[in-house]
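J.: Residues per chain, in single letters:
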Amino acid sequence: MSSSRNRTSIATLIAATLLAAMPAASALAADTGLIFISNERSNDIYVLSPDYQLVTKIETDRRPRDMHFNEAHTLLYVACGDDDVIDIINVATLEVVDAIPTGPSPEVFAFSPDESQIYVSNEEDSTLEIIDVADKIVTTRIPTGAEPEGVIHSVDGKTVFVTSEVADMVHVVDLASQSVVKNIIVGTRPRRFIVTPDGNELWVSDELSSEVHVIDLNTMEIKQVLTFLPPGFRPEDVTPVGMAITRDGTKTLISLGRANHLAIIDTASRNVLAYVLVGSRAWSVDLSHDEKTAIVANGLSDDITIVDTGSMKPVKSVPVGRTPHTVVIDD
Amino acid sequence: MKPWLRQVLALFVLLAGTGLAAAEDVVIGYLSQTDDPRYVRDWGYARLIEPPADKTVDGATMALGDMSFVTDATGLAVTLDARNAPDLDGLKTALEAEVAAGARFVILDLNAELVAGLAEAAANLDVMLVNATAPDDSLRTACFSDLLHTSPSDRMLEDALTQYLRAQNWTRALVLFGENPRDSIVADAFAKSAARLRINISDTRPFSLAADPQNREQNNIKLLTGGTDYDLVFVADTRGEFARYIPYATNLPRPVVGSVGLTPLAWHWSFERDGATQVSSRFDRMTGRKMSGEDWSVWIAAKAILTAYTKTTDHSVDALAAYMRSDAMRLDGSKGVSLNFRDWDGQLRMPVMLATSDAVIAVAPLEGYLHKDNTLDTLGTDRAEFRCSP
Numbered sequence: 001m002s003s004s005r006n007r008t009s010i011a012t013l014i015a016a017t018l019l020a021a022m023p024a025a026s027a028l029a030a031d032t033g034l035i036f037i038s039n040e041r042s043n044d045i046y047v048l049s050p051d052y053q054l055v056t057k058i059e060t061d062r063r064p065r066d067m068h069f070n071e072a073h074t075l076l077y078v079a080c081g082d083d084d085v086i087d088i089i090n091v092a093t094l095e096v097v098d099a100i101p102t103g104p105s106p107e108v109f110a111f112s113p114d115e116s117q118i119y120v121s122n123e124e125d126s127t128l129e130i131i132d133v134a135d136k137i138v139t140t141r142i143p144t145g146a147e148p149e150g151v152i153h154s155v156d157g158k159t160v161f162v163t164s165e166v167a168d169m170v171h172v173v174d175l176a177s178q179s180v181v182k183n184i185i186v187g188t189r190p191r192r193f194i195v196t197p198d199g200n201e202l203w204v205s206d207e208l209s210s211e212v213h214v215i216d217l218n219t220m221e222i223k224q225v226l227t228f229l230p231p232g233f234r235p236e237d238v239t240p241v242g243m244a245i246t247r248d249g250t251k252t253l254i255s256l257g258r259a260n261h262l263a264i265i266d267t268a269s270r271n272v273l274a275y276v277l278v279g280s281r282a283w284s285v286d287l288s289h290d291e292k293t294a295i296v297a298n299g300l301s302d303d304i305t306i307v308d309t310g311s312m313k314p315v316k317s318v319p320v321g322r323t324p325h326t327v328v329i330d331d
Numbered sequence: 001m002k003p004w005l006r007q008v009l010a011l012f013v014l015l016a017g018t019g020l021a022a023a024e025d026v027v028i029g030y031l032s033q034t035d036d037p038r039y040v041r042d043w044g045y046a047r048l049i050e051p052p053a054d055k056t057v058d059g060a061t062m063a064l065g066d067m068s069f070v071t072d073a074t075g076l077a078v079t080l081d082a083r084n085a086p087d088l089d090g091l092k093t094a095l096e097a098e099v100a101a102g103a104r105f106v107i108l109d110l111n112a113e114l115v116a117g118l119a120e121a122a123a124n125l126d127v128m129l130v131n132a133t134a135p136d137d138s139l140r141t142a143c144f145s146d147l148l149h150t151s152p153s154d155r156m157l158e159d160a161l162t163q164y165l166r167a168q169n170w171t172r173a174l175v176l177f178g179e180n181p182r183d184s185i186v187a188d189a190f191a192k193s194a195a196r197l198r199i200n201i202s203d204t205r206p207f208s209l210a211a212d213p214q215n216r217e218q219n220n221i222k223l224l225t226g227g228t229d230y231d232l233v234f235v236a237d238t239r240g241e242f243a244r245y246i247p248y249a250t251n252l253p254r255p256v257v258g259s260v261g262l263t264p265l266a267w268h269w270s271f272e273r274d275g276a277t278q279v280s281s282r283f284d285r286m287t288g289r290k291m292s293g294e295d296w297s298v299w300i301a302a303k304a305i306l307t308a309y310t311k312t313t314d315h316s317v318d319a320l321a322a323y324m325r326s327d328a329m330r331l332d333g334s335k336g337v338s339l340n341f342r343d344w345d346g347q348l349r350m351p352v353m354l355a356t357s358d359a360v361i362a363v364a365p366l367e368g369y370l371h372k373d374n375t376l377d378t379l380g381t382d383r384a385e386f387r388c389s390p
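Protein sequence lines correspond, in order, to chains A and B. For the first sequence, the tail end lands on 331 under the working numbering, and the numbers increase by one without skipping. For the second sequence, the tail end lands on 390 under the working numbering, and the numbers increase by one without skipping.
One chain only, chain A, in its complex shape:
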């Protein structure tokens, strides 16, 4: 690792550059098509080219997990659970250029709509932290149930939702009052979220009860409980975690964990269109910008599976680092 002093100076430089280029920020996005995979156990991020060749491995702080680009796709933020920081990667140079300190064991995070704040779940001390991105300081700590994980905000940006894997609930956090205003009990070991693009539904994956709870965001009540069962599997084999939804909201993709399949669902009817065979313990899933390709990280087979969403078939699997956690695509 480069020293943090080094990082800060480069960061300052980059921040200045960015600031200068701000009005044209979106024009900066290179749409490289690069695929980034965080590997929890090998402490690095694999960068693959659009044709799935290894471009480079970016060394990060320990246990890199959730990742998000800024809106301009110039920077990639990576939560590093064992060093209690969110590393910042320059997408152009593919180097760690800065880091934001967090509480113990950051796992999953989300940006506020204006990117001025990060909402991050700290698995070890059971808090949701709100971090000011510019000042790199924690402004608020909100206690959650044990082992908080999934974090997402509502479409209007006024509410943040966080799961507690141990308490089996979704905390509804009102950002104006910075407090938990409601707890919704869902299935066993709730993990991740999606919000439908119309802003009406929050989907929660329940790893150990093999369910997805659909919460009506207008009433904050559970609207529906979905279950999935690829042929030849038992309900207990199905451990849903990662989810992705198309921009028009018509299709939802859910990784089924130990059942080694990706479910592709017609969002409106909830019908399963296909179960796609992927690798061992399918975890996070991301869609390419054109939504023709989905990429699934397989936590136990240390590879990713590329899925063609048109034919709904796996195209190929590519080996990556140890225990891949999250996939994001720069396009």
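Don't read these hints as lab results, they were simulated from the structure. Computed from a predicted structure; not experimentally measured. For glycine and all other residues, C-beta sits at the position ideal for the given N, C-alpha and C. Keep in mind that a hint or two might mislead.
Every beta carbon over 10 Å from chain B, so not counted as near; a handful from chain A, in silico [claimed, not checked]: (1) T32; (2) D51; (3) D114; (4) E115; (5) S116; (6) V133; (7) A134; (8) G157; (9) S179; (10) D198; (11) L217; (12) V225; (13) Y275; (14) S311.
Heads up, incomplete: computed chain B residues facing chain A, CB under 8 Å, no partners named [stated by the list, open to error]: (15) D66; (16) M67; (17) F69; (18) V70; (19) A73; (20) Q278; (21) S281; (22) T310.
Fit chain B to the known structure of chain A by using the hints.
T.: For chain B alone, kept in the frame of chain A given last:
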């Protein structure tokens, strides 16, 4: 139902009716034996890190903390009532006191004899006992109406081990067992598991601790493990005093399993998947020690009880226990699969870890061991072969 209980319930109904004090008191009882000899390790037996006597209660304390957000949100005011006593009479008195204080579930960290004694006494009380640390199958087949088990049974542990032996194609075992009554029980459980998966037992030999252990141990292990061929040595030595000297001392160069070497356990602190790290490190931070299998079994007992309270509305003991024994319960024990209690013997279904001193080598059920209902039922006495024998 006890008259006092009826009064308490009536009070709750009254309060609920007025919209006041939505909180419902939930008391979880915990009983242990004062200076439990099972936890005495005078000879510095250091291979596994054992909790000191009475301290498995830490597991229950942690579970209350883990669940506090959800119990608060559902209006449950949870307290832990932990007591200990040196003998059965004292424990019966303590149990009655805990029930009188409102406990409807009492977690037991006791040996099989004391668990059986209390389970008989519990028949007259409005309470469900949860056996967290006695693995004896005899407690399961006794079919006590008011007893659940979160300790894996001996058969579950040995089935886990023999699944691994079969997968490795190590099919000839030399069985050694000691003088502790539990040693024969464990060796018998291993023999039954071995028969199920057709592991051959080349010989079964008792060992004893000699008057002069320094010479005796060295000579004896060579002799004990000589004169026959085998793929592995299985040792049943509950106290571990003898077993720890067997690896690397056998007549033939063979792995040692059972009480030393590769050991089947409910939990091992080094397990890193399925959120296990978070559980172990929370426990470590809270107590300053590693989480043992016994700690895990107490933790999961309290967690199971509170999960039942938070996911059901009828909070009578019978209804809560029926929920725990049903497929509706999907309990998270941080072992990657959901857990619940078998309806035929009240045993918690669970994966079993096969661990050395510092690594989990495999988790049973191993891949490829299938079952028509639930693969976890490949571990332990299955429904079809289960018979009550009180």
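J.: Which hint numbers does the structure go against, in order from smallest to largest?
T.: none
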